[in-house]
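Visitor: Heads up, the sequence shown is in this note's numbering, so the first residue is 1 and it goes up one at a time.
Hints are not guaranteed to be accurate.
[Stated by the list, open to error] Computed beta-carbon distance windows for the label pairs:
no., residue 1, residue 2, range
1, Pro-171, Arg-253, 23 to 29 Å
2, Glu-69, Glu-146, 27 to 33 Å
3, Asn-164, His-105, 45 to 51 Å
4, Asp-135, Leu-101, 18 to 24 Å
5, Arg-130, His-288, 35 to 41 Å
6, Gly-281, Ser-244, 40 to 46 Å
7, Lys-126, Ser-244, 42 to 48 Å
Rather than coming from a laboratory, the hints here were simulated on the basis of the structure.
None of the values given here were measured: they were computed from a predicted structure.
All C-beta atoms, glycine included, are put in the ideal place defined by N, C-alpha and C.
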Amino acid sequence: GRYYFEPKGNLKKLINGKTSVPLGVDLVEMRQRYSEIMGLDPLLTGMKSMTMAELAQWHLDDIKLRLSEDHAKRQEHKAKLVMRFFGDSLVRDISWMHIELYKQHRMADAPRVFNNDFAFIRGAFKLALRWGVIDRNPCEGVNRLEKKKRVILLSDDELLDMFNYMTIKNPLVCMYMYVKLLCGRRAGELVNLTEDCITERGVIFTLSKKKGAPRVLVCWTPKFREAFESMLQLLAQEGIYQPSNSSNSRVRRKVSLFGDLTVSAIGKRFERVRDKAIDEGILETSFHGHDLRSLGARKLTLEGAKDFLRHSNIETTRFYYYEEENHLPEIKPLL
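Working from the sequences, and respecting the hints, build out all of it.
Guide: What follows is the structure, encoded as structure tokens:
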């Protein structure tokens, strides 16, 4: 359909007595035509009459400019949900009550689902606030949903048996998990490594969330180097990694250590081994691959430090590890 402007009284005389003026077939054309008729600034008119669907798309475009491609892809789904729920509602008409309604709408799924959506919505309104579309962020006063902490209780022997079981059933998954724990990096940062990231000092990781973010160097330790080299050998044995044996950095940059193997694919490999371990009575407590990630030495005191295969009653979603102080992987910004 088309939008029409129907003036009344003196305004009707002002535009030469026309009773119905076509404005266009969508909101963008309508605002532009309305601004021309009224002698207004199209930009200001567009800002004041911006819809939630437009704001969600605007925020998504901003994310694509600032953050990594993988992160932007995850935000696309959230943007579609916001567009579907709020539609063409004007941004300036949205209050905290509307956010609460969206909260109730999404609570049926899970607390984490709403909290992720809420982060996207709040970021969108921050953008609108910065550009003067609104005077106050309607997300103020709306609380995130509380998430129950996932408690993982693993005995020392149980985790050690699990690693020994993985060594037999799937050595690559075992070594991947071990390297991931030792370097403390995200799964995507490890799987996206290329040959040129391996240096004499250590392994260079690119932070996966921010576009253009500084890279970090995880320095070699005897244990980290041994585990990393073992992982490369296993990748080569499966034909996933094919060493280039080239000193040219451009060539090495194109050679992926994990080939076409994705985070999801290696995660499924781990889940299959884990489920078999549970079926055979090796493992009693189920945990996910991303649980095996160190948060670094700053989270523990030296008195409470333990080797990564020796920790009991871990009430957290991530396993902590702490080796001797001199052997910890050193993480520094790459100059």
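Visitor: Hint by hint, say whether it matches the structure.
Guide: Against the structure, the hints:
Taking 23 to 29 Å as the suggested C-beta distance range, the pair Pro-171 and Arg-253 conforms, at roughly 28 Å. Between Glu-69 and Glu-146 the Cβ separation comes to about 32 Å, which falls inside the hinted range of 27 to 33 Å. Restraint check, Asn-164 to His-105: a C-beta distance of roughly 47 Å satisfies the suggested window 45 to 51 Å. For Asp-135 and Leu-101, the Cβ-Cβ distance of about 21 Å falls inside the hinted range of 18 to 24 Å, so the restraint holds.
The hinted window of 35 to 41 Å between Arg-130 and His-288 holds, with their beta carbons roughly 37 Å apart. Distance hint check for Gly-281 and Ser-244: the Cβ-Cβ separation is about 44 Å, which falls inside the suggested range of 40 to 46 Å. The hint said 42 to 48 Å for the Cβ distance between Lys-126 and Ser-244, and at roughly 45 Å that hint holds.
When each numbered hint is compared with the structure, no violation occurs for any of them.
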